[in-house]
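Asks: Counting with this note's numbering, you get residues 37 to 539 for the letters of the first sequence.
These aren't lab readings, by the way, just hints derived from the structure by calculation.
Keep in mind that the hints are not guaranteed to be accurate.
Calculated cross-link-like contacts (lysine to any residue; reagent style SDA-like; alpha-carbon spacing at most 20 Å) [what the hints assert, rightly or not]: (1) K197 with K429; (2) K286 with F229; (3) K134 with R162; (4) K481 with P415; (5) K523 with N302; (6) K429 with T382; (7) K159 with S92; (8) K522 with V223; (9) K134 with K159; (10) K116 with N146; (11) K94 with K159; (12) K197 with L50; (13) K522 with S336; (14) K429 with L524; (15) K253 with E297; (16) K387 with S403; (17) K71 with D174; (18) K522 with F307; (19) K407 with T382.
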Amino acid sequence: MSDTANINSDEDRLIRSRKNNLNQLIDLGIDPYPKVFSRTHSAEEAVKDLEDLEKSKKSEEILDNTRIAGRVTGIRGQGKMVFVDIKDRSGTIQAAMKKDILEETFNLVNLVDLGDIIGITGKIFRTRRGEPSIEVSDLQILTKSMRPLPDKWSGLKDVEKRYRQRYLDLISNDDAFNTAVKRSEIVSFIRNFMNQRGYLEVETPVLVSVPAGANAKPFSTRHNSLDRDLYLRIATELNLKKLIVGGMEKVYELGRVFRNEGIDHNHNPEFTTIESYEAYVDYNSIMELVEQLVSGAAESVNGSSKLDFGGSIGMIDLSPPWTRLDLREAIKDFSGVDFIDIESETELADKMRESGIHVDPNASWASMIDKIISDKVEPNLNQPTFLVDYPVKMSPLAKRKTNDDNTAERFEAFVLGSELANAFTELNDPIDQRERFEEQEALRKEFNDEELDRLEEDFLVAVEHGMPPTGGLGLGIDRLVMLLTKKLTIRDVVLFPQLKSID
RNA sequence: GGCCCGCUAGCUCAAUGGUAGAGCAAUUGACUCUUAAUCAAUAGGUUCUCGGUUCGACCCCGAGGCGGGUCACCA
Numbered sequence: 037m038s039d040t041a042n043i044n045s046d047e048d049r050l051i052r053s054r055k056n057n058l059n060q061l062i063d064l065g066i067d068p069y070p071k072v073f074s075r076t077h078s079a080e081e082a083v084k085d086l087e088d089l090e091k092s093k094k095s096e097e098i099l100d101n102t103r104i105a106g107r108v109t110g111i112r113g114q115g116k117m118v119f120v121d122i123k124d125r126s127g128t129i130q131a132a133m134k135k136d137i138l139e140e141t142f143n144l145v146n147l148v149d150l151g152d153i154i155g156i157t158g159k160i161f162r163t164r165r166g167e168p169s170i171e172v173s174d175l176q177i178l179t180k181s182m183r184p185l186p187d188k189w190s191g192l193k194d195v196e197k198r199y200r201q202r203y204l205d206l207i208s209n210d211d212a213f214n215t216a217v218k219r220s221e222i223v224s225f226i227r228n229f230m231n232q233r234g235y236l237e238v239e240t241p242v243l244v245s246v247p248a249g250a251n252a253k254p255f256s257t258r259h260n261s262l263d264r265d266l267y268l269r270i271a272t273e274l275n276l277k278k279l280i281v282g283g284m285e286k287v288y289e290l291g292r293v294f295r296n297e298g299i300d301h302n303h304n305p306e307f308t309t310i311e312s313y314e315a316y317v318d319y320n321s322i323m324e325l326v327e328q329l330v331s332g333a334a335e336s337v338n339g340s341s342k343l344d345f346g347g348s349i350g351m352i353d354l355s356p357p358w359t360r361l362d363l364r365e366a367i368k369d370f371s372g373v374d375f376i377d378i379e380s381e382t383e384l385a386d387k388m389r390e391s392g393i394h395v396d397p398n399a400s401w402a403s404m405i406d407k408i409i410s411d412k413v414e415p416n417l418n419q420p421t422f423l424v425d426y427p428v429k430m431s432p433l434a435k436r437k438t439n440d441d442n443t444a445e446r447f448e449a450f451v452l453g454s455e456l457a458n459a460f461t462e463l464n465d466p467i468d469q470r471e472r473f474e475e476q477e478a479l480r481k482e483f484n485d486e487e488l489d490r491l492e493e494d495f496l497v498a499v500e501h502g503m504p505p506t507g508g509l510g511l512g513i514d515r516l517v518m519l520l521t522k523k524l525t526i527r528d529v530v531l532f533p534q535l536k537s538i539d
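Generate coordinates for the entire structure from the input sequences, incorporating the hints supplied.
Replies: Structural data, given as structure tokens:
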């Protein structure tokens with residue numbers, strides 16, 4: 037490609053002027069990409085020092101020789117004086133570059149473009165207009181930028197570009213930056229929360245030979261030297277329970293799982309869950325764990341366990357205790373269907389159609405119940421709610437209730453009409469567990485449903501060695517972050533959401 | 001996958017089927033307290049792609065791409 041081929045392209049024109057400045061720097065013997073710059077202050081700290089001085093808390097010397105680095109987000113030329121906005125992690129501060137102070141270095145100012153990373157040395161002061169600023173005595177180019185930034189005032193609004201080039205979103209939209217920070221803080225809170233309760237954090241394989249532990253279609257891949265198909269895990273469940281068999285008693289994994297299904301505002305093909313397992317407790321303890329974890333995370337990152345969504349939703353209060361609804365009663369109340377007497381799929385389908393629910397003609401009993409829940413019950417559960425006690429048929433990994441063989445000790449947590457967590461008293465009877473898996477395998481063939489859970493022999497052998505009574509939890513981190521940052525789409529809480537590639 | 005909407009300068013947005021424009025960014029010049037700096041001038045376009053209708057298409061029609069919404073499915 038020759039230079040003349042693109043000489044008329046606007047983008048090239050913009051890059052060319054920056055390259056021109058870059059070359060001028062090189063001609064001056066200046067490295068446009070030096071390795072280090074030692075900072076004394078963040079932008080925020082500099083302002084604080086100034087305020088401390090003004091309150092007479094500190095002596096004036098603290099203001100001298102302040103060194104700050106960051107990205108240039110604004111340049112206001114004033115002839116022999118130029119104001120430059122410098123943005124770092126903590127915020128933005130103004131630098132005042134005066135010719136009579138910088139002398140020959142002042143020529144460098146003309147070679148600074150919007151988007152460059154620069155380091156400045158100088159004295160903190162306040163301008164006549166009251167703006168905290170650095171009076172620059174030395175200026176260093178730390179990184180020359182070759183491409184223009186999005187418009188300072190309107191920011192980056194193009195949704196697609198925000199996702200594909202998230203770094204631009206982070207630079208120009210504070211809300212995107214703050215959401216990413218908050219996600220990190222939430223994950224950090226959860227780790228501390230679990231560790232303080234004596235849980236061990238573990239890591240189990242992402243590549244598995246049987247994608248088991250949940251209902252989902254897996255991604256498949258291939259290991260060359262093993263000459264074998266492998267799958268990306270759809271859940272961390274079974275390996276974690278093997279660790280309970282191994283005596284770890286309290287374990288959790290914060291990890292990415294992968295499901296080969298549709299993509300929309302609630303679903304990314306890879307997402308993060310926390311699964312935890314604790315020996316010698318049942319699902320009642322897990323309900324308390326969820327209440328404390330979620331309300332604690334809210335208080336930690338938002339300073340409150342309440343969230344105001346306004347409009348018809350209003351205030352969501354995450355503080356314990358959450359409402360507990362019996363699943364069967366909830367379904368009956370919201371849809372009029374009482375599944376307890378309905379064993380045949382055709383009868384259930386008829387009842388559902390009577391209630392105005394669209395039924396897939398090839399659906400299993402369990403998936404139909406699931407459909408009733410998501411269509412008729414979930415949308416009503418804005419305030420945090422546990423739906424408790426699920427049919428055994430739709431809960432192949434959960435233990436039966438003591439006096440009711442058809443019901444399992446399982447709950448799901450809902451907030452804002454969306455599922456947040458799924459938990460049960462874990463099934464540790466190896467004979468029952470094997471039968472449940474075999475039924476799932478049979479149903480998968482009968483209904484040709486790729487999403488039904490799979491039998492993993494290794495897991496069954498582990499349980500046959502004896503798994504203590506255990507309470508287990510799975511909670512969607514992305515959903516939790518959406519809730520606590522009030523984002524309506526998962527793409528706003530995942531830094532690099534999956535998008536189609538542009539060829 | 002069905003249906004609906006969007007795609008125009010680096011960014012944000014205009015433009016009855018009749019010469020594609022503005023603000024910011026860029027380039028050149030003036031300016032030592034500005035902060036969306038100001039002022040003057042200049043330059044910048046495969047209107048997502050391909051095809052069709054038309055004397056003439058950003059605009060109408062068809063196919064495709066990408067994105068958004070919604071329904072179906074899923075966490």
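Asks: The structure should be examined with respect to each hint, and the outcome stated for every one.
Replies: Each hint, compared with the structure:
The hinted pair formed by K197 and K429 fails the criterion: a straight-line CA distance of about 44 Å is larger than 20 Å. Between K286 and F229, the direct Cα distance comes to roughly 13 Å. Compliance with the 20 Å bound is thereby established for this hinted pair. A hinted pair counts as satisfied when its Cα atoms are at most 20 Å apart, and K134 with R162 qualifies at roughly 15 Å. Distance check on the hinted pair: K481 and P415 sit about 32 Å apart at the alpha-carbon level, beyond 20 Å; violated.
Taking the CA atoms of K523 and N302, the gap is near 10 Å; set against the 20 Å cutoff, the hint holds. Simply put, K429 and T382 have alpha-carbon atoms about 16 Å apart, close enough for the 20 Å limit, and the pair holds. Between K159 and S92 the alpha-carbon distance is near 17 Å, which keeps this suggested pair within the 20 Å criterion. Note on K522 and V223: the hinted pairing holds, with a Cα-Cα distance of about 16 Å set against a maximum of 20 Å.
Taking the CA atoms of K134 and K159, the gap is about 12 Å. The hint holds against a cut of 20 Å. Restraint check: the Cα-Cα separation between K116 and N146 comes to about 11 Å, which is no more than 20 Å; the hinted pair holds. Restraint check: the Cα-Cα separation between K94 and K159 comes to about 15 Å, which is no more than 20 Å; the hinted pair holds. Pair hint K197 plus L50 holds up; C-alpha atoms about 19 Å apart against a cutoff of 20 Å.
At most 20 Å may separate the alpha-carbon atoms for a hinted pair to count; K522 and S336 meet this at roughly 15 Å. Among the hinted pairs, K429 with L524 is inconsistent with the structure: their alpha-carbon atoms are about 32 Å apart, more than 20 Å. For the suggested pair K253 and E297, the alpha carbons sit about 7 Å apart, so the restraint of at most 20 Å is met. Among the hinted pairs, K387 with S403 is consistent with the structure: their alpha-carbon atoms are about 14 Å apart, no more than 20 Å.
Distance restraint check for K71 and D174: the Cα-Cα separation of roughly 17 Å lies within the 20 Å cut-off, and the hinted pair is therefore satisfied. Only pairs whose Cα atoms come within 20 Å are accepted, and K522 paired with F307 is accepted, the gap being roughly 18 Å. This hinted pair checks out: K407 and T382 have alpha carbons roughly 15 Å apart, not beyond 20 Å.
The structure fails to meet hints 1, 4 and 14 from the earlier list, while all remaining hints are met.
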